[in-house]
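Take the two lone chains, each set in its own frame, and fit them into one complex as the hints suggest.
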Amino acid sequence: MAQGSGDQRAVGIADPEESSPNMIVYRKIEDIITKMQDDKTGGVPIRTVKSFLSKIPSVVTGTDIVQWLMKNLSIEDPVEAIHLGSLIAAQGYVFPISDHVLTLKDDGTFYRFQAPYFWPSNCWEPENTDYAIYLCKRTMQNKARLELADYEAENLARLQRAFARKWEFIFMQAEAQVKIDRKKDKTERKILDSQERAFWDVHRPVPGCVNTTEMDIRKCRRLKNPQKSVYGVTEESQSQSPVHIPSQPTRKTTKEDVRKQITFLNAQIDRHCLKMSKVAESLIAYTEQYVEYDPLITPAEPSNPWISDDIALWDIEMSKEPSQQRVKRWGFSFDEILKDQVGRDQFLRFLESEFSSENLRFWLAVQDLKKQPLQDVARRVEEIWQEFLAPGAPSAINLDSHSYEITSQNVKDGGRYTFEDAQEHIYKLMKSDSYARFLRSNAYQDLLSAKKKPESEQGRRTSLEKFTRSVCCWRRVRMAAAFHPRGGFLPAVGKVAGGQAAHRPDAVLLTVPPAGLGPEDHTGRRRRSTSADRVSLRGDLVTVKEKE
Amino acid sequence: MATDGLHENETLASLKSEAESLKGKLEEERAKLHDVELHQVAERVEALGQFVMKTRRTLKGHGNKVLCMDWCKDKRRIVSSSQDGKVIVWDSFTTNKEHAVTMPCTWVMACAYAPSGCAIACGGLDNKCSVYPLTFDKNENMAAKKKSVAMHTNYLSACSFTNSDMQGCDKKAMVWDMRSGQCIQAFETHESDINSVRYYPSGDAFASGSDDATCRLYDLRADREVAIYSKESIIFGASSVDFSLSGRLLFAGYNDYTINVWDVLKGSRVSILFGHENRVSTLRVSPDGTAFCSGSWDHTLRVWA
Numbered sequence: 142m143a144q145g146s147g148d149q150r151a152v153g154i155a156d157p158e159e160s161s162p163n164m165i166v167y168r169k170i171e172d173i174i175t176k177m178q179d180d181k182t183g184g185v186p187i188r189t190v191k192s193f194l195s196k197i198p199s200v201v202t203g204t205d206i207v208q209w210l211m212k213n214l215s216i217e218d219p220v221e222a223i224h225l226g227s228l229i230a231a232q233g234y235v236f237p238i239s240d241h242v243l244t245l246k247d248d249g250t251f252y253r254f255q256a257p258y259f260w261p262s263n264c265w266e267p268e269n270t271d272y273a274i275y276l277c278k279r280t281m282q283n284k285a286r287l288e289l290a291d292y293e294a295e296n297l298a299r300l301q302r303a304f305a306r307k308w309e310f311i312f313m314q315a316e317a318q319v320k321i322d323r324k325k326d327k328t329e330r331k332i333l334d335s336q337e338r339a340f341w342d343v344h345r346p347v348p349g350c351v352n353t354t355e356m357d358i359r360k361c362r363r364l365k366n367p368q369k370s371v372y373g374v375t376e377e378s379q380s381q382s383p384v385h386i387p388s389q390p391t392r393k394t395t396k397e398d399v400r401k402q403i404t405f406l407n408a409q410i411d412r413h414c415l416k417m418s419k420v421a422e423s424l425i426a427y428t429e430q431y432v433e434y435d436p437l438i439t440p441a442e443p444s445n446p447w448i449s450d451d452i453a454l455w456d457i458e459m460s461k462e463p464s465q466q467r468v469k470r471w472g473f474s475f476d477e478i479l480k481d482q483v484g485r486d487q488f489l490r491f492l493e494s495e496f497s498s499e500n501l502r503f504w505l506a507v508q509d510l511k512k513q514p515l516q517d518v519a520r521r522v523e524e525i526w527q528e529f530l531a532p533g534a535p536s537a538i539n540l541d542s543h544s545y546e547i548t549s550q551n552v553k554d555g556g557r558y559t560f561e562d563a564q565e566h567i568y569k570l571m572k573s574d575s576y577a578r579f580l581r582s583n584a585y586q587d588l589l590s591a592k593k594k595p596e597s598e599q600g601r602r603t604s605l606e607k608f609t610r611s612v613c614c615w616r617r618v619r620m621a622a623a624f625h626p627r628g629g630f631l632p633a634v635g636k637v638a639g640g641q642a643a644h645r646p647d648a649v650l651l652t653v654p655p656a657g658l659g660p661e662d663h664t665g666r667r668r669r670s671t672s673a674d675r676v677s678l679r680g681d682l683v684t685v686k687e688k689e
Numbered sequence: 132m133a134t135d136g137l138h139e140n141e142t143l144a145s146l147k148s149e150a151e152s153l154k155g156k157l158e159e160e161r162a163k164l165h166d167v168e169l170h171q172v173a174e175r176v177e178a179l180g181q182f183v184m185k186t187r188r189t190l191k192g193h194g195n196k197v198l199c200m201d202w203c204k205d206k207r208r209i210v211s212s213s214q215d216g217k218v219i220v221w222d223s224f225t226t227n228k229e230h231a232v233t234m235p236c237t238w239v240m241a242c243a244y245a246p247s248g249c250a251i252a253c254g255g256l257d258n259k260c261s262v263y264p265l266t267f268d269k270n271e272n273m274a275a276k277k278k279s280v281a282m283h284t285n286y287l288s289a290c291s292f293t294n295s296d297m298q299g300c301d302k303k304a305m306v307w308d309m310r311s312g313q314c315i316q317a318f319e320t321h322e323s324d325i326n327s328v329r330y331y332p333s334g335d336a337f338a339s340g341s342d343d344a345t346c347r348l349y350d351l352r353a354d355r356e357v358a359i360y361s362k363e364s365i366i367f368g369a370s371s372v373d374f375s376l377s378g379r380l381l382f383a384g385y386n387d388y389t390i391n392v393w394d395v396l397k398g399s400r401v402s403i404l405f406g407h408e409n410r411v412s413t414l415r416v417s418p419d420g421t422a423f424c425s426g427s428w429d430h431t432l433r434v435w436a
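Residue numbers (this note's numbering), protein chains in the order written: chain A, 142 to 689; chain B, 132 to 436.
Next comes chain B alone, as it looks inside the complex (with noise of 0.2 Å):
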């Protein structure tokens, strides 16, 4: 009850500066352990050759922007889902469509594919999560069988089948833990909105995509922010981003319909990818690392490699 009091006596005022002089100490606590760069201790990394990839299929047949894909974990099948409210299910290897759900809402945002591979979730501006199991009975009408598993107040921008622990609130990234539902960590250094945000494989860093025209990887441990990829010619924002398998290469795609391939040790760009006729929406690397995969707002897929 006394401690209750004491609290009362606190003003607003005086709990903002107290908070301020703690963010001091914070950033003063970090700067010593900031003792080199990442690029620089790169240097004695050998540089990478150069690069040849290529699209190595196309996938039409979305009758709109695609927004979203994921891949299954046999490495070849994927699915998307576009504006036109449509979600498919691609062999992308041979570039055949192997079903299409037709979702009741236009601005399907997210899709996922099943780690079992026998189902797919979407969802979009129905606020709803969708599960389809996947059927090659062509009797079965896929839309019959779907379940709902979860309303959202909002609509869906995101979805995966394992929980994803980090989500890009504008221009802060945050770790969440996922059991007690805490935030553990954040970090916030872009100048806009992150649109993307991506695991490093070995899950202590992470790298995020952002509007201000940058990608750029935070460290767990060091819990900062270790490197930026950037470009004076690069102004319009990265839509997404992914690792290549080792974690030396970030793939980040872009509004200005290009996919840059940066070098995430050394920070600098490796590639430039042309291809797509509009803006790039969503990137994915394969589960086994031997490609990747970009969609479009000019309606296609493209794979690469």
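Isolated chain A (complex conformation) (with noise of 0.2 Å):
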């Protein structure tokens, strides 16, 4: 693999320079500036406009900008137009002629566009000094639109103490560019100050406005002068970039290259590859099957956390009690109820039915195997080869003889994927056999339907709580049996009718809807009901929110 810069050129490949983040994003945006400064193909107004006693030389408004930009790069939306304009102006490539920080307006703000001596895409590096001599020469020439802002005037006197010795020098160099200025166009000059002002606004940033100099740092072992960024302002605790590491010749490629690239390409054209439209069908099925569980698309039941600041949601989730939503997404593959807890539980306790739980319990202590830290790896691959593998396994499963050889052999080295082999095996034996009739199971199916509740241990909910889920999916002539007085090794619910439950104060049990219905909404649809609902005083379904 080709390494360093060194003999690129020679090779015809880009300067990679030109390669660079930062350099990409120039290039796409001095077309775009290009474009926008070309008369004849629908560039924007730039003109020189009269103010007070003077001109403004060259001056286009921030509207007219934003207008551009809109039509020729099809934005709808004018906060994006503004938004990119402003980026742009951050970068250096069109600056505000009386304001220091560089964003874009969209109203009567003036704006010029920079001289392309001084763009970013010429990899300005400037020093401290150069910038000491520039606000020297600020206070030498007695203007107005050149007297020092604040921080600058900060900078300065920073500056002066930095290069006390050398301040002679500098200020020798400031005089001088006053001079060769004078000699210039008063209206050239207005200009040039004012792109001069700019160079520096995005070099040495106001407080506070982002530089945009700054690279990634990861991407600067490219370059062969790195960027620093330097301020004048805050302190950087590295001045040199560790990353960067002089420029490797290439490497030629050799035969070997070439073949391992051959025999690569002669791999890919054997491989079997679907069509597009196969594909496309794919992977549109995946998202319509998936899009009723992405919160951010369908909105979560009761509510998504983020929103409401309410945790119901992660509560719900916690609890043994699946919703159905929930147990229908184990039907979608294996691997959803695999990934889900309660899922594994639950067609763990179906497999024990069966007696052929050891397959999914192999299968599990596999998966921790592989997350056990290396000490404990050769103990762990002993005792999963003695439970489940070795003669006379208490829990022995069923790997055809070829597995068994290979697993065996691999016992012997007893790494974390020592039985990586035999896994798959029993994945593939558990997908096509006891997942499936799993699936089709009265065990499944009634969990699915809601008709029953999962025999798992108490949640954290009261035990009024549980029989009213329950309870609201029987009929009404059930529920009046449940309350005769005979019932009474049922939990005490307290009486009908307005009547209160011991346990739970706030919640009044009165008559049950049938089961599927709810009220009718505004809208007339009657929806379903879930056993996320309880009864209110009048006999609708409302969902209460627990009180904790």
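Hints are supplied without guarantee of correctness; some may be wrong.
Stated by the list, open to error - Only part of the chain A face toward chain B is listed, based on derived beta-carbon distances under 8 Å: (1) Arg400; (2) Ile403; (3) Lys416; (4) Thr428; (5) Pro514.
Hints are computed from structural coordinates only; laboratory data are not their basis.
In this text, all values refer to a predicted model and were calculated from it rather than measured experimentally.
In this text, a Cβ means the ideal position worked out from N, Cα and C, and glycines have one as well.
Structure, rendered in structure tokens:
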């Protein structure tokens, strides 16, 4: 694999600096602003504006820029256009003539385009001495528009201390520049001064503004000269980019490299691929199946905790009683049921009833093995072998002889992946056999239609609540029978019709609507009652928040 | 022996031309299977409604650029790392900081939460991956308990507790078989560096975000790029991508401080989210898909839903 950037020019590959991420953006922006300034193809109106006693040369309004961006880059929302325009300004390609802060406003504020000389794509890395000369120059020129802002005055003071010994040199440089500037045309000077100021606004930004010359440190190694973000204001602890490696000469491609490539290409050609139409159908089918489970598309019931600040959703998911929706998901694929703790428990229970639970227990043990710290791995491997595979094992699993051979060989080395082959075999077995039968089983079907409560341990909820949940699906007749005084073995639920339960003074149980249909809502539709519903005084089905 | 001699006679040039002709053949074969575009088939899919996604939590506390973050399995805890060398564990639901570790180096570019929720791993310019067990005992010095688990020859740019099997190698996305160590598939359609890759929830495809300002979807079964997510007005690179739970939405964080939400099937942009004041450097959807978190160079993290 080619590593450095050395010989790339010889091979005709682009200058590595061109491929640095900042440069890619700069070139795109330059493309945009070149078009923007092009009279002939509908560029923005750049003009000289008369103001007070003088003229403001070569400016364009913020609104004009925003309009141009919307029209030429197919942007529908002005907010987006303003954001993009502000970024273009922040990079230093366009700037407000009366402000150090580089953003774009959608109004009559005047902006000017930056001179190509000052473009960031020229890889400027201005030194502090440059900055000192510049600030010094500004103080010499006695023009209101060149007065230093507070932060600039502070910067200058700091630089004077830092460069105390060479200040005379800096001063002389500044004087020389002022002399040269005086000879220039007044209008030209106005423009150049503003462009120079905008340049420093990029490289020495106003405190609080983003320094857009900063680079992602991971990309720095490409550059011959790494960018250093040196502020006049904050202290940086790093002076040298630690990831800058001097560029290494490209390793020439060898025959071995090409042979490897040929092998790879042959493997690709031999690969059996699907048609796009099939792939598209598959991707669509997957999203359609899961869209109801995607809380960012289908609002979560009872609510998305992040939006409502209520963690009821998470509490429900933690409880051992799975919702119908959750149970339905177990049927999507074998992996789905394995992913869900409650699903696994149900599946295990089913397997126990069929006396084949050793398969799932083996699979789980092997998953667990992969997470063990190195020091425990050997011991666990032995334990798993003894429990599931050794002759006379208490939970013997059924492996074909080939798999068994491989596994018994692996056990000698005792690593984390000893049982990979066996696990895959057992996985396929469960998937095609037990899982399919589980989905058809009464246990699963009942859960799916929420007929029967799963026989799991008691959750956090009170016994009254558990009772009311299951009761909501029963018929009123059964309900009446349950409340018969003779049904004393049932949890005390208090009186019917206006009574109160001993455990839950805030819950009142009256009548129960028939299973299936809830009350009409404002659109006249009835929604299905779920186990989360409870009953109000009037017999309407309402969802009640728990009082904890 | 005889065959060795035969190989010696093959020149570099002849091998190269063989490779070229194979490339051509491969393209031909693939083109036969390219009978339709994903967005065309997706025309029959119902359009998504209007999206109102907002920042629901802002996590402030880092002193410098946030570089990486990861969710805990409990759906609310987050670990994040920053250029100032700090790694912070947050309960992002309450926005409380629960743990803070100072790494000996700056630019902590990678951090991850253990599936058990009991430890975090992080690393960066120190070329090491360090694991810290999380303890609530205030007397314990977390730093003292750390263990270095790996030494690398260069900086650690990404880590997770289970090996991710994809890698963005400049413009190429490669799929590796972790057991054999071989590259099984490679995709090279981006025009510049790939910054982030993430599997589609079914595992049959993956998305990538790149400096060329596009995100792309590649399907492993078709062995090709099947969608490009781009706009004329998006010119800054995408730094990180992640799918919503169903795979219908792709969230991408960009260097222009925004997050764009894409309709994966139709290829259109659903929403643009403003809020960060500097580059978005990292983005992950929560384990149950109820929200996603973005970290930025503006020193903050935001949870969106």
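**Prompt:** Once the shortest beta carbon distance from threonine 428 of chain A to chain B is found, is it less than 8 Å?
**Reply:** holds, 4 Å
**Message:** Does lysine 416 of chain A hold up as a contact with chain B if the rule is Cβ-Cβ below 8 Å?
**Reply:** Lysine 416 of chain A check passes; min Cβ-Cβ to chain B is 5 Å, inside 8 Å.
**Minimum beta-carbon distance criterion (8 Å), proline 514 of chain A to chain B** = violated, 10 Å
**Prompt:** Can isoleucine 403 of chain A be said to touch chain B, with a Cβ gap under 8 Å?
**Reply:** holds, 5 Å
**Asked** Is the shortest C-beta separation between arginine 400 of chain A and chain B less than 8 Å?
**Response** holds, 7 Å
In terms of the numbered hints stated before, the structure departs from hint 5 and from no other.
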